[in-house]
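Q: The lines below spell out each chain.
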Amino acid sequence: MAMAHPHGWVDISVEGMFDDQRRLTALRQQWRMDPFYSQVVMEDMAKVEGDTSMEQRLDALGVEIRNNLAKENNLTHITLDDQPVAQGTVSDTNTEYRGERLVFSFVLPLARPQPMSGHTLRYQVYDATYYIEMVHEANADGSEPLPDALTLDHAPSGCTTRIIKAKPDPQKVMEAAMLDQGATGEPNLGHFFAETGEIQCPV
Amino acid sequence: MSSVKPWLMVLVPMAMVVTAGVGLYHLGWWQQGAVHVVLWQRDLYHALTAAITRIDQAPGLATWSVLLGVSFAYGVFHAAGPGHGKVVLSTYLASQGGAWRRAIGLSALASLLQGAVAIALIAVLVYGLGWLTRQAMATTDQAELASFLMVTLVGLWLCWRSLTRLYRSAAMRQHSATPTPAPEPAFRPVPTGDRGLQHSHHAHGAECGCGHDHHVDPATAGDWRVALMTVLSIGIRPCSGAVLLLGASALLGQFGKGVVAVLVMSLGTALTVSSLALLGVFARDWVRRHLSPVAGNRPWQAWIGLAGGAVILTLGVSLSLAQWRQPLSSPAPFLGAPTAQQSAPSSGGLGPFGRG
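Taken in order, these protein sequences are the chains called A and B. All the letters of the first sequence, read from the start, carry residue numbers 1 to 203 under the working numbering. All the letters of the second sequence, read from the start, carry residue numbers 204 to 559 under the working numbering.
Think of the hints as simulated: they come from the structure by calculation, not from any bench. Glycine included, each C-beta is placed from N, C-alpha and C at the ideal position. Any given hint might turn out to be false.
Claimed, not checked - Derived list of chain A stretches under chain B, where covered just means 3 residues or more per stretch with a C-beta under 8 Å from a C-beta of chain B:
hint	region
1	12-20
2	83-89
3	149-163
Unchecked claim - Part of the chain A face toward chain B, derived, beta carbon under 10 Å:
hint	residue
4	P6
5	H7
6	G8
7	V41
8	M54
9	Y97
10	E100
11	Y130
12	G142
13	E144
14	L146
15	M174
16	F192
17	F193
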């Protein structure tokens with residue numbers, strides 16, 4: 001119950017998917033769970049009873065993760081020109097164990113395909129409690145996000161992306177951290193430490 | 204601790220905390236500091252996982268020192284946020300008395316116990332009983348509730364003790380048997396040392412039991428029982444982060460190194476916690492020197508003891524109630540429990556990312 005701080009992290013990368021009419025249709029996401037968490041989950045997977053294959057077990061895990069995420073808005077918050085954007089149902093989930101990391105990937109469609117010319121779309125992926133830190137894939141010392149962390153597929157020419165680092169407002173962080181233990185409100189620290197991904201297309 | 208070094212060991216962390224505290228507060232860096240503590244904790248956690256993984260690949264002096272350094276720093280900053288353990292301990296020391304040696308002793312004990320409990324949890328549940336790491340982690344919720352209940356008990360005990368002291372001192376003043384100002388039990392430093400002091404001065408406190416042998420002073424024994432219970436109430440709750448670290452290092456075949464890391468982490472935690480506890484002790488002494496002209500002003504100090512007990516009691520009750528009302532599996536784990544959860548009793552659909 002001490003001040004919330006990350007006890008695990010997920011390295012994320014995002015791909016903005018466009019359709020033939022130059023509309024943004026979905027954000028494809030890949031989440032690489034941190035090494036410790038990956039170990040613990042793989043231990044679980046290894047001990048599942050029955051004669052299912054590891055792929056089947058990981059698939060079942062993926063379904064479970066997807067269902068859990070659906071209750072939490074997929075931990076993703078999307079805005080278009082600062083207006084909230086509704087999400088569709090997650091599809092194409094895939095779960096695998098790669099490079100000693102558990103990797104969960106999925107396609108998060110927008111509720112409606114979004115014409116992007118002259119618009120700016122931003123998203124944040126975070127766990128509000130900040131128990132888990134969601135961070136774009138970054139260089140070795142974590143100081144700069146990798147270019148691959150946010151890419152575009154079939155984008156109209158001229159569209160640009162950038163990843164904006166979090167600039168937590170100390171005042172708000174303090175308030176969130178100091179919320180009374182007994183209070184019902186959960187510290188919303190995750191929000192303050194969340195990076196923002198931005199996709200911008202010219203008119 | 205040898206004769207010179209204790210002061211160094213007290214003064215250095217004290218100076219660090221005081222400087223940091225004054226600087227942060229007066230220069231308005233306090234809030235900025237909160238952000239940085241969170242960021243440091245995050246970075247250190249990343250470094251810790253990397254260090255455990257790396258030491259597996261290339262065990263050597265360099266990797267070991269990185270692991271130990273990172274673990275220690277993680278412990279220091281992990282304890283830097285507000286937490287009920289520190290509040291309980293500081294309140295206990297500030298209101299119930301105790302010299303700096305006791306402050307350090309109790310803080311170190313509580314911190315090391317937390318590490319030991321985490322180690323025992325993985326050793327017994329995972330190695331001994333074959334639980335999954337995830338299931339072992341879920342028990343930190345129950346440990347937390349146990350901790351809060353014990354805090355409540357400590358508060359109750361302190362209140363009761365202060366009340367009896369107030370009652371006794373009221374009775375005592377009517378008889379007024381001791382001409383020399385008796386050392387104040389509520390502020391008695393380490394009991395054994397103080398006892399020696401009393402003998403050398405031939406001044407027996409009211410609770411000294413004059414005319415009797417001083418083998419077992421019931422008040423002193425009670426004192427230590429409360430102190431131990433305070434330590435237990437804090438130390439019984441392992442950090443789920445430490446449990447995760449141990450579980451993961453066990454899975455990587457590095458349990459021994461995980462144990463070392465957690466122990467060093469506990470030392471770091473002990474440094475922070477004891478610095479805070481010392482601040483409480485010194486603040487109390489300062490207040491006593493400046494605000495209480497008569498050293499043996501018994502009721503005044505017993506009232507403080509009562510107030511401290513009441514604070515701890517209130518904290519314990521409110522935390523217990525909050526924990527009680529909370530659904531056992533908190534909403535944070537977005538990654539649900541995988542399918543293997545038939546064996547252990549504690550698996551309540553809580554992912555490894557339970558909160559703690």
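Q: List in ascending order the numbers of the hints, as given earlier, that are violated by the structure.
A: 1, 2, 3, 8, 9, 13 and 14
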